[in-house]
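J.: Each chain, letter by letter, is given below.
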Amino acid sequence: MAPHLGSLRRLVKPLGGLGAAALVMTAVACTPGTDESGSGGVGEAAAKPVRLRMLYATAEADATAVQSLKPAFKQRFGFDLEIDTQPYDALQQKVFSEFASNSSYYDIVIVDTPWAPALASQLEPLSTYVDNAALNDVAKADIADFVPKVFYDTAVYDAKHPAKHFPDSSAAPQTSAITGKGFEIYGLPIQANALVMAYRKDMFGNAGEKAGYQQATGKPLTVPKTWDDFTSVAQYFTRPEKKLYGTTVMAGVGDWATDDFKSLLAGWGGDGHLIGDDQSITFDSPEGVAALQYYQDLINKHKVVPPGSTSASWDEAASLFDSGTTAMTANYHTLKLDSKVKGEIGYAPVPTGKAQGPHFGTWMLSLNKNSKNKAWAYRAMTWLTAAEQQVAMTKLQLHPTRTSVYQRITTGSASDPATRNFYQVLGESLAVGVGRARLTNYTEVSNAIAKAVNKAASGRTSPKQALDEAAAEVTRLLKDAGYKVPGS
Amino acid sequence: MTRGMTMTSTQRGGVAVRDLEPRAAATAAARRAPGRARRRRVSGGATPWVLMSPALAVLLLMTVAPAAYLIWASLRSGTLLNPASSFVGLHNYREVLTDPNVLHSLLITAAFVVVAVSVELVLGLLIAVPLASQSRSNNLAATLMLLPFAVTPAVSAMIFKELLNPNYGWVDHYMGVLGLPSQVEWLSNPGTAWVALVGLDVWQWTPFVALILMAGLQSLPHEPLEAAAIDGASTWQSFRHVTLPMLAPFLAIAVTLRTIQAVKTFDAFKIRTGGGPGDSTEIINLGVYRIALQSFRIGAASALAMVLLILLSLLVPVLLRAVGRNANPEEI
Numbered sequence: 001m002a003p004h005l006g007s008l009r010r011l012v013k014p015l016g017g018l019g020a021a022a023l024v025m026t027a028v029a030c031t032p033g034t035d036e037s038g039s040g041g042v043g044e045a046a047a048k049p050v051r052l053r054m055l056y057a058t059a060e061a062d063a064t065a066v067q068s069l070k071p072a073f074k075q076r077f078g079f080d081l082e083i084d085t086q087p088y089d090a091l092q093q094k095v096f097s098e099f100a101s102n103s104s105y106y107d108i109v110i111v112d113t114p115w116a117p118a119l120a121s122q123l124e125p126l127s128t129y130v131d132n133a134a135l136n137d138v139a140k141a142d143i144a145d146f147v148p149k150v151f152y153d154t155a156v157y158d159a160k161h162p163a164k165h166f167p168d169s170s171a172a173p174q175t176s177a178i179t180g181k182g183f184e185i186y187g188l189p190i191q192a193n194a195l196v197m198a199y200r201k202d203m204f205g206n207a208g209e210k211a212g213y214q215q216a217t218g219k220p221l222t223v224p225k226t227w228d229d230f231t232s233v234a235q236y237f238t239r240p241e242k243k244l245y246g247t248t249v250m251a252g253v254g255d256w257a258t259d260d261f262k263s264l265l266a267g268w269g270g271d272g273h274l275i276g277d278d279q280s281i282t283f284d285s286p287e288g289v290a291a292l293q294y295y296q297d298l299i300n301k302h303k304v305v306p307p308g309s310t311s312a313s314w315d316e317a318a319s320l321f322d323s324g325t326t327a328m329t330a331n332y333h334t335l336k337l338d339s340k341v342k343g344e345i346g347y348a349p350v351p352t353g354k355a356q357g358p359h360f361g362t363w364m365l366s367l368n369k370n371s372k373n374k375a376w377a378y379r380a381m382t383w384l385t386a387a388e389q390q391v392a393m394t395k396l397q398l399h400p401t402r403t404s405v406y407q408r409i410t411t412g413s414a415s416d417p418a419t420r421n422f423y424q425v426l427g428e429s430l431a432v433g434v435g436r437a438r439l440t441n442y443t444e445v446s447n448a449i450a451k452a453v454n455k456a457a458s459g460r461t462s463p464k465q466a467l468d469e470a471a472a473e474v475t476r477l478l479k480d481a482g483y484k485v486p487g488s
Numbered sequence: 001m002t003r004g005m006t007m008t009s010t011q012r013g014g015v016a017v018r019d020l021e022p023r024a025a026a027t028a029a030a031r032r033a034p035g036r037a038r039r040r041r042v043s044g045g046a047t048p049w050v051l052m053s054p055a056l057a058v059l060l061l062m063t064v065a066p067a068a069y070l071i072w073a074s075l076r077s078g079t080l081l082n083p084a085s086s087f088v089g090l091h092n093y094r095e096v097l098t099d100p101n102v103l104h105s106l107l108i109t110a111a112f113v114v115v116a117v118s119v120e121l122v123l124g125l126l127i128a129v130p131l132a133s134q135s136r137s138n139n140l141a142a143t144l145m146l147l148p149f150a151v152t153p154a155v156s157a158m159i160f161k162e163l164l165n166p167n168y169g170w171v172d173h174y175m176g177v178l179g180l181p182s183q184v185e186w187l188s189n190p191g192t193a194w195v196a197l198v199g200l201d202v203w204q205w206t207p208f209v210a211l212i213l214m215a216g217l218q219s220l221p222h223e224p225l226e227a228a229a230i231d232g233a234s235t236w237q238s239f240r241h242v243t244l245p246m247l248a249p250f251l252a253i254a255v256t257l258r259t260i261q262a263v264k265t266f267d268a269f270k271i272r273t274g275g276g277p278g279d280s281t282e283i284i285n286l287g288v289y290r291i292a293l294q295s296f297r298i299g300a301a302s303a304l305a306m307v308l309l310i311l312l313s314l315l316v317p318v319l320l321r322a323v324g325r326n327a328n329p330e331e332i
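Chains as they are written, first to last, in my numbering: chain A, 1 to 488; chain B, 1 to 332.
Only chain A is shown next, with the shape it has when bound in the complex:
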């Protein structure tokens, strides 16, 4: 017979609670435990540990390259380096929960720049380590060798005011200058990703294409250096009947749309950080509106991007270029054409407008404040980020963070011309790139801006209206996170 519905209701009522309780789990925090840091093996004479443990990113910071160093690490240190890797979202949750529980399990933790404002107070300050010669006996930290913008943007924070950027990001890093201004070093950069333009070198070098472009525009076909030229070249290569388009955009809702926009914003002379250090909203400026108008026109007026671009992420953009669907693209990493596509790839900086400021995002190795092996963990960090190791890891596509490494890999003959070309452009882009605003809720803010970019990109809203709405939304988000927003 039919089941008793009264009993059923009694059964399902708590199930309703369970259903929501599953959502609740997303909100359940870990209660911080006791501080076990103690001395934490911080002295230079601390005994060698049995092993060191490192928490690392699977794809975004090239785990394969770092894992390839494990045999050399064992040989150099005499003990193992255990590397646990996690995909991005899981990694962020793991990193935060490790620190929230004051865990000493991982000695070294990789930190992405959007997380650092919230994490800075949990990381071991490194300036005294860097200045201690005895702790730099395996490999020197040599912080002056890091690409200045990358180093300051990634690793230098004022823990009391984590929203502030170091005021002079072009000077060669020195601990005295950093600490003298009230800042500290919270890690050593290991991977630097920047938005770099890739193009079909074979198409740009094709005699027929050159003649065709000359005839169509009256100008020689060259790799575009300005946004105007970029539009012109993209229009020329757009041939929908052949399923060929000029370029890709990453206009789907996600951090990538924000990255596309902030690169354009900086190119139009605006503040590529989007939000000022005092939390003033800067992305809804006239430069921002003009930059977003350009983006909208590229998609809706000039129609130089493949169908579906307003739902594309960096991954789809890469797939479209790799499959030969577009002549140009901008992405964070090297690309490889599918085997059926006969062609060659070249790299160039993203075009310039009034200014230049391609987005960059970087990762650093940080020392867990609760580690019991701080001295050896620091030594491991200096060794892993040293120039020699970074050069070795470029064979597996690591994006280096040291100036000397870019000099070595772009001038020598150790790598193929395409790889040299990529690293040359990456090094140039990092030198002029613009990082992110330093906010504890950057992901929420970035999402609000990405939604505005997506709405404008799809033509449903004007750039001005989209940015105005986003500014209001971002102001609310900043206030919810405890920030004071000037003028609101």
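Hints are supplied without guarantee of correctness; some may be wrong.
[To be verified] Straight-line Cα separation of at most 25 Å, DSS-like style, residue types lysine-lysine; simulated pairs:
no. : chain 1 : residue 1 : chain 2 : residue 2
1   : A       : Lys164    : A       : Lys201
2   : A       : Lys372    : A       : Lys164
3   : A       : Lys225    : B       : Lys264
4   : A       : Lys369    : A       : Lys94
5   : A       : Lys479    : A       : Lys74
6   : A       : Lys94     : B       : Lys270
[As the list claims (entries may be wrong)] To give a feel for the contact side, a few chain B residues facing chain A, derived at Cβ under 7 Å:
no. : residue
7   : Leu81
8   : Ser85
9   : Glu185
10  : Asp267
11  : Gly276
12  : Arg290
[What the hints assert, rightly or not] To list a few chain A residues with every Cβ distance to chain B over 10 Å, as calculated:
no. : residue
13  : Phe79
14  : Ala118
15  : Asn136
16  : Lys201
17  : Thr222
18  : Thr231
19  : Ser309
20  : Leu320
21  : Gly346
22  : Thr352
23  : Glu428
24  : Lys451
By construction, these hints were calculated from the structure, which means they are not laboratory data. All residues carry an ideal CB built from backbone N, CA and C; glycine is no exception.
Using the hints, position chain B against chain A.
T.: For chain B alone, kept in the frame of chain A given last:
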């Protein structure tokens, strides 16, 4: 109770008198020694609680404790890494309930749940009715039907996203072959994005609904249907007036469980649209995820989760009453 009454009526006479004697003696003894009797009553009353205690402990640990923690966290400020949170009263609730994006997301989530569960219920019923009669071919068909249900939602979302890609996806290719409009930007327009998202949910979860309804159909008694056939009812009339009312409790189970599951949907939206185009598919769980697991604003996330918990707790009895209203009144 009915069985007890029957026994009393069939055991009149000496047996009943014999049964009453010790009871009267016990009552008299209780009057004489009230303390002892109370102890016995207390002992008897505690036994069910003792027997239920393992289940209650699990329930307390799995549902009540997290819910209590959630309430506590929702009334406090602070983030995951800032243990020095303070009591803020209803501030987090005010923040959540006055956020137009949250209200927009709640409406969108409700619309998704209503549409997806309704379609799944109709399709599930259409599948369950022919497959309910047990035969070798039906068993094979039922097994095949369950395959989408067995695929991990995140995996199916990724596969569907590739299939719908307007540049190299199979869907676009075969639509072109069939002379239908090609290069449809499925995930770029709000309307088509919703079709794609609901379509995936229906593909994935209709087998679950069908499975519940098949079990229900197979458990229904044959006598009412035979009586209806003797009375000259048509197949449709039998289904409409006999089968469907008897199936109401199973429909209630399917609707309730699927509603709870649909409210929890997250993977497909995160992977396929991220809430876009714009904020047109921004279901509430995407917001909870960003606040709780990316910004780690625990107070605000807990308040939002509490709102959902309350809404869902109110919704479930309403659903049971609405869907099960045709069931036997004695069983409601």
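J.: All the hints need checking, so say for each whether the structure fits it.
T.: Now the hints, each set against the structure:
no.: 1; hint: A:Lys164 <-> A:Lys201; in the structure: violated (41 Å)
no.: 2; hint: A:Lys372 <-> A:Lys164; in the structure: violated (30 Å)
no.: 3; hint: A:Lys225 <-> B:Lys264; in the structure: violated (48 Å)
no.: 4; hint: A:Lys369 <-> A:Lys94; in the structure: holds (16 Å)
no.: 5; hint: A:Lys479 <-> A:Lys74; in the structure: violated (49 Å)
no.: 6; hint: A:Lys94 <-> B:Lys270; in the structure: holds (19 Å)
no.: 7; hint: Leu81; in the structure: holds (6 Å)
no.: 8; hint: Ser85; in the structure: violated (9 Å)
no.: 9; hint: Glu185; in the structure: holds (5 Å)
no.: 10; hint: Asp267; in the structure: violated (11 Å)
no.: 11; hint: Gly276; in the structure: holds (3 Å)
no.: 12; hint: Arg290; in the structure: holds (5 Å)
no.: 13; hint: Phe79; in the structure: holds (30 Å)
no.: 14; hint: Ala118; in the structure: violated (6 Å)
no.: 15; hint: Asn136; in the structure: holds (30 Å)
no.: 16; hint: Lys201; in the structure: holds (22 Å)
no.: 17; hint: Thr222; in the structure: holds (27 Å)
no.: 18; hint: Thr231; in the structure: holds (21 Å)
no.: 19; hint: Ser309; in the structure: violated (8 Å)
no.: 20; hint: Leu320; in the structure: violated (6 Å)
no.: 21; hint: Gly346; in the structure: holds (23 Å)
no.: 22; hint: Thr352; in the structure: holds (29 Å)
no.: 23; hint: Glu428; in the structure: holds (31 Å)
no.: 24; hint: Lys451; in the structure: violated (5 Å)
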